[in-house]
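**Q** Given the sequences, and given the hints that come with them, work out the whole structure.
Listed in order, the protein sequences are those of chains A and B.
Numbering follows the numbering used here, with no gaps: position 247 of the first sequence is 247.
Numbering follows the numbering used here, with no gaps: position 143 of the second sequence is 143.
No incorrect hints appear here.
Pairwise CB distance ranges, derived in the manner of DEER restraints:
1. B:Gln47 with A:Asp21: 25 to 31 Å
2. B:Leu3 with A:Leu121: 42 to 48 Å
3. A:Lys4 with B:Glu2: 48 to 54 Å
4. B:Leu48 with A:Lys131: 43 to 49 Å
5. A:Arg84 with B:Leu34: 28 to 34 Å
6. B:Lys158 with A:Leu121: 37 to 43 Å
7. B:Gly124 with A:Leu336: 30 to 36 Å
8. B:Leu99 with A:Lys71: 28 to 34 Å
9. A:Asp59 with B:Lys104: 18 to 24 Å
10. A:Asp59 with B:Leu34: 35 to 41 Å
11. B:Leu126 with A:Ala301: 36 to 42 Å
12. B:Glu97 with A:Arg84: 32 to 38 Å
13. B:Asp125 with A:Arg448: 44 to 50 Å
14. A:Lys71 with B:Pro89: 32 to 38 Å
Worth flagging that the hints you see were computed from the coordinates, not collected in a lab.
No residue lacks a Cβ here, since even glycine has one placed at the ideal position from N, Cα and C.
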Amino acid sequence: MSLKNFKSELLEKRVQIISTDTSGKIISSDQALIDLKTGNSLKELDPFFEAILPLAGKDNPKLEFPCINVKHKDKEFILDIEVRHSKDELIVILYDFTEHYRRSHPVVQEKNENTILANQLLVEQAIANEKEALKNSFLSKLSHELRKPLGNMMGFVNLLQDSNLSYEQSEMLKIVRQTGMHIEELLNDLLDISKISEGTLKLKNVSFKMKDVTKHLQDMFSLKAKSKRIEFEINMRDNVPAILIGDPIRVKQILINLVDNAFKNTPKGKVLLDISVDYSRAKKVSLRFSVSDTGYGIKDAELPKIFDTYYQIDQLLSPTEGQGLGLKIVDDLVKLQSGKIKVKSKVGEGTQFEVSLPFEVPLREEKKPARKKAVDVDERIRVLCVDDAELDQMLIMKILINEGFISMDLALHGEMALQLLELKSYDVILLDLDLPILNGIDFLKKLRAERKTKKQPVVVLTAMAGPEYQQEAETLGISAFLTKPYQPKELVRAIKEAFKTREK
Amino acid sequence: MELSKKIVLLGHFGVGKTSLVRRYVDSAFSEDYLVTLGVQVKKKQIQLDDNQINMIIWDLEGNAKVEEMRSSYMLGTDGFLYVFDLTRPITFNNMKENLDFIRKQHPKAPIRVVGNKADLFEGGDLDEFLSKNNLRDITTTSAKEGTNVATVFEQLAKELL
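**A** In structure tokens form, the structure reads like this:
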């Protein structure tokens, strides 16, 4: 067979030419693809023709439709179809491109499926983010709401502790205080989790001594170790640099949570904190903190879940105390500091948490700033307390009266405070942010706008613990930002520090 | 009276155009997604008042942009169903532009907008979702469960009479 004949036969096999009258009645067909009876209507072949044939005419002498799916007697074709109008006749040409189109089908299918999957993932991610944001906002608000009444309660508990109590009363009050402190820790944890999730928790980058961190831990847990009759040891290797640059508060928070967790899960034996150098290169050092215990241990199946927000290790293994949110915070804080955390455990033998954290090391020993000469505060400090909550006022007043040398006036809102400031001058203003008529921030703005009170020391006392409040207040110039509940000592210290900075 | 009406289904790929047609014409549904290449035409006869309507339903290959569709496919269209997927915002984000284009090209052809896959919607309250996304005057359907499928085709058919 010649190439010409082969080509012609091939084309004829894949192209069918049909002629019909203008209504679609078949006059002739070469039957190359589909058997069609003369006299039948082409519209019976496929509803496609029912819609198209009436359109062909003088206005549309030639119509072309690529990629039309047509089914005839269980055989499926994908055709390019051409309809030509000539006088009283229609010429319909069917080009069979079934194989050609089918070859491209898997590629299009895969492309579309991937795109749909990517779209769905985006939607799921957006929904998850929205839920997370909602949860964080709820946690943050809940924490603020609970902080205020807890602050009042703890304030009065502290005052009560200093009064004349019997031994029995004092012991009971101790339990109330410990419970209150536990609630406070949980609230702080909740707030930290929401801050980390929202990305609003900012790390500090300051120089600090690891020795100070370990001393704090030793002080904090030695009493607990004694009362639980558990050995507690901190082993810091000699090659750990004396001064590091990083965030000591967050490092401390990680270690406190891990050591506390070890104590909770260890009925007898030992809790060991080992600090060593993982690697050191020029100004960079990575420290390995290993906290191991001889406690209940964690089942293998539970290990991957222990850093989940609300996960509690099997109560049977750890029957003593709730696990709180500590491990979730540890995991979040380690990740935030670009560190790594690992956990190994054997039921009945104990658990070991290993945290690696990167730090910078100052190349030269930093010169300590000359210590400022202590200012003599042995004089009456005039305080203006701006707070509308009666319980808060009473608490502050009692704390200050206990200090003896401080006098205090009260204003229920910012407007009242401004009026008092016109009549009298004060050394320090104690300011709540959530106030009626003129709130704390607006009061601060007005205060700073006046020449006379531009540098007036202000200590903020608030249950609004979010960083955005602190940042706004700090921008307007404050001496300290204390979140409720605060310790009496913290308040007195803040007042004294603010007093030292006043303009004489 | 017997009338033939050409209905064209438009919208992004994977929104369920073929499933809506299969549910309406063949009373069938498949969970598997099979891409449509080019055009599949199906026919459904319905009785409206004294009229027998032959609905010639053109199920077109999905495309994000209507202006990229072949103009010959649209020739002689009596009415459109614009279908989007309630679970994929990308399928209705550019809907206004697409609808404006169709209205400009086919000013006499009515358009019904269909939010399909209502059975898979997990975004909370559906009415609130539609209002939030400015999706007014749409019909929500589920090709899987058959919800509103016949209704939306027949509403369009009534508009064509």
